[in-house]
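> Protein sequences, first through last, are from chains B and U.
Number 349 in my numbering belongs to position 349 of the first sequence; there are no gaps in the numbering.
Number 1092 in my numbering belongs to position 92 of the second sequence; there are no gaps in the numbering.
Treat the hints with care, as some may be off.
Stated by the list, open to error - Restricting the straight-line Cα-Cα distance to at most 20 Å, the calculated cross-link-like pairs of lysine to any residue (SDA-like) are:
| no. | chain 1 | residue 1 | chain 2 | residue 2 |
| --- | --- | --- | --- | --- |
| 1 | B | K411 | U | E1005 |
| 2 | B | K135 | B | Q112 |
| 3 | B | K411 | U | P1039 |
| 4 | B | K40 | U | G1010 |
| 5 | B | K411 | U | N1040 |
It is worth saying that the hints were derived from the structure and are not from the lab.
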Amino acid sequence: MKKDLIQISQWQWEMPKKDSMQVPAWFFADKGLLEQMDVKVFEQLHNVACLPGIVKAAMAMPDAHWGYGFPIGGVAAFDSQNGGVISVGGVGYDISCGVRCMTTGLVREEVQKGLSGLMEELFATIPAGVGSEGKIRLTPNKLDEVLVGGAKWAVERGYGLKEELDYIEEHGCMPHADPSCVSDLAKERQYRQVGTLGSGNHYLEIQYVNEIYCEETAKAFGFKPNEVLIAIHCGSRALGHQIGTDYIQILGRAAKKYGIPIRERELVCAPILSPEGERYFKAMACGINCALANRQVLGHLVREVFLRHFPSASIRLIYDVSHNTCKVETHEVNGRPRQLYVHRKGATRAFAPGRPELPEQYRGVGQPVFIGGTMGTCSYILSGTEMGEELAWGSACHGAGRAMSRNAALKRWKGRDVVASLASKGILVKAVSWQGAAEEAPGAYKDVTTVVDAAHNAGLLKKVARVLPMACLKG
Amino acid sequence: MKRFELFEHGADIGIRGMGSTLAQAFENAALAMFSVVVPNIQDLVPSRFWQLSCESYDQEALLTAWLNTLLSYSDIYRAVFCSFEVKIDGCSLTADVKGIPYEELTVEKGVEVKGATFTELYVGKQDDVWIAQCVVDV
């Protein structure tokens, strides 16, 4: 399939419409990234392009890799009025896994002196890793409140500040969430997990602003050169995973019922306007709210610890972005506004300047987007662009993407050595699991700068700043 | 015969159980999955016992249903499972499961498994060995 691609620009490639494809498939990448993409990415995006009601194109972001049904880094929009579908594979298992980033008002040198003590207390305070549980204990009714309220629920209970809600997608509360569409098993798994980080590629990182590319946007986002930032990457925990598991079965049956050919088991889907499709959307909205509440609680816990160590800090949320979602959005199609169900699997919403969904402070510059690197390398802050809106429904990549499997990383590195090596470079890592630290070794990931440059050059995003890690907490 | 092994996948981890019967391959696939959660899973001495069951629409889907059922109840019982006795009847499975609560774990932990997926999913017999495998999302 790779050989059939047509080069549209230096940064965009097209798989033309053929066989059962409803639309073409687009790949945003430079030649090197495209060549690195697994052949499965091309098969999976081809399959997405075959789904009913898909609009314009199936799209792969520069960090695309082999996923579950959709490639990770896959974006597709569907029109409910034209037989459009909703797919579990288009959202993924960790619903609304995402990143929030906060400013501190302190510079690197101020924090460096007390970094070790800060990380010790964060390590003791933030539940992370296998079998960890949060301090919040929920009953079935209380959990339903989380699933409906999202970050708003957390703020109402004292976790964070009311003004932060404007700096979260959906203002911290995804509409249409209906807990009756979520299984009891999913809820039961989540009773002790609100306010937990998880493991794998999830992290809490203390960073500093190393370079600013666009001063105007950095000013709007509220950070300065050398300022210390806090980034939190996690998702909807067990509840999201169980919703995904439950609805793969339900939408699998629905696809058969509605006669939708399924080319891969995890690409199961149902018409958006069918009872099954509507129930999945409402359950997924609960998953999004669970993730938003989780990050809000964690953000609050981090703020409390940070202020104990640095009382002069002023911790402000820049923004909270989600990666694994399906959202109803209005986009222009052939010159007319249309309401679409935009699936982003391992991709970030990256709205252009002027979008009414953005807080007023960012409407002139576009949505903040955070692209994480690794424990040992830089990450980036970027902003949404008009071109990204035109090309890809205001979407962009979400990370570096792995260059090496977890097994290969485990064979190559020992967790203790990875942590010691990073310490020698001045990066303090607190890891719950040595195995996790080895799997997440910086060398196991692609070069995030190559991915970010491809997104920037393709016009999907605009680079705002580069940040470097000072310390990292891994589950 | 080796009971289980892990195999390569770009972003996540492949788990494979082998056995002389289908049920044994399912037991060893479970052991493989929990070896991601606790690397020395075979050294654990279980202290608790549970009975679990699940069903699905075909033999391969039954494997993901089985593994996902284990993950769900591992969260609910707050325990890691390390010993399995499986009975399979068509597309239904019942199992005696032994494990140890997280708070009693003294060995090194690995990483969480979010879910068993349909990727690289295979259940079948090769030569005289039953194989049950899939990729798990971590």
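> Each hint should be assessed against the structure and marked as holding or not.
These are the hints, each one checked on the structure:
| no. | hint | in the structure |
| --- | --- | --- |
| 1 | K411(B) x E1005(U) | 14 Å, holds |
| 2 | K135(B) x Q112(B) | 29 Å, violated |
| 3 | K411(B) x P1039(U) | 13 Å, holds |
| 4 | K40(B) x G1010(U) | 11 Å, holds |
| 5 | K411(B) x N1040(U) | 16 Å, holds |
Violated hints amount to a single one, hint 2; each of the other numbered hints is respected by the structure.
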